[in-house]
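Q: So the sequences go chain by chain: A and B. Per the working numbering, the very first residue in the first sequence carries number 833; after that it's consecutive. Per the working numbering, the very first residue in the second sequence carries number 1131; after that it's consecutive.
Careful: at least some of the hints might be erroneous.
From the structure, some residues in chain A lie toward chain B, with a derived Cβ separation under 8 Å [said to hold, decoys possible]:
#  : residue
1  : M842
2  : C844
3  : P853
4  : Q874
5  : G875
6  : P876
7  : Q877
8  : Y878
9  : N930
10 : F932
11 : G936
Hints in this document: simulated from the structure, not taken from any laboratory. All C-beta atoms in this analysis are idealised placements derived from N, C-alpha and C, irrespective of residue type, glycine included.
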Amino acid sequence: DAKTTQPPSMDCAEGRAANLPCNHSTISGNEYVYWYRQIHSQGPQYIIHGLKNNETNEMASLIITEDRKSSTLILPHATLRDTAVYYCIVRVETGANNLFFGTGTRLTVIP
Amino acid sequence: DAGVTQSPTHLIKTRGQQVTLRCSPKSGHDTVSWYQQALGQGPQFIFQYYEEEERQRGNFPDRFSGHQFPNYSSELNVNALLLGDSALYLCASSWPGQGFRTQYFGPGTRLLVL
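Pulled out of the complex, with its shape left as it was, chain B reads as follows:
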């Protein structure tokens, strides 16, 4: 059983460009969350998708948008890239059921904006 997968692993863009990152959740998981982790910091919550809708959003501008597909996979889009968007972008998935929703993280996509 594959865990959470993300693509690409690394990406280099220039300021003003747009980028799309992809995430496939762990089998059986229906909820996908995205986090941004700047160097030396803990991950910061961007938003979460459930049933193809954004359910909750952190303190990130509208340049950050997402999508969830019927197969539960998800995309993170960032428009008008800034140098400060350089970070590790993490995807996490969790499963339905009673009680706990422990999140499983993918390896991340490292984005460098020049």
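For reference, chain A alone in the conformation it holds in the complex:
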């Protein structure tokens, strides 16, 4: 599975959009981009995933560049409850589906 690079930490004002970047320059054509988040002392929570098209759900939007070497997770209106560590994961969808977590981005939403 391809590796990802994320900034270690970011701040965002409450009510503003939080844009979390992820670089995955070695991604293969059959690898998907997944985002999970982990609120303190809880298990990771699935947010969104995509292959090459932009995706949106009730939690967030995922923007993947045309060359697929980077992506951005967008939380449109960040709240204090969005404070968490966000993990960007790249993996194929075949075989055993374990996830490789890096160290993620610690997002702090500021009142």
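Use these hints to put chain B onto chain A, whose structure you have.
A: Chain B only, in chain A's frame:
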């Protein structure tokens, strides 16, 4: 519908002891994965069970073993505990079907080895 459940929530053991952690997957899920998360680190994959067999294993010693039951629930066993085994142990389950296998995580079991 209950999500992934794990027991116990917290556990304290001493070096050399053995521990068993339990996981019940989300309803309809047939695959269970276990992860170890040390303080300040991301979760590290231990192994995955499907159809009562270990399907894939991460870089963990044989002291870590597991089991999956016919009802898809699973156990993680750790023998000869070391201080470094202190961590949050996470269980994740996923469902069968076409395409994606998005994993749902339980709250974890926090193990402290003294």
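Q: Could you work out which of the previously given hints the structure breaks and list their numbers from low to high?
A: The structure breaks hints 1, 2 and 3; every other hint is satisfied.
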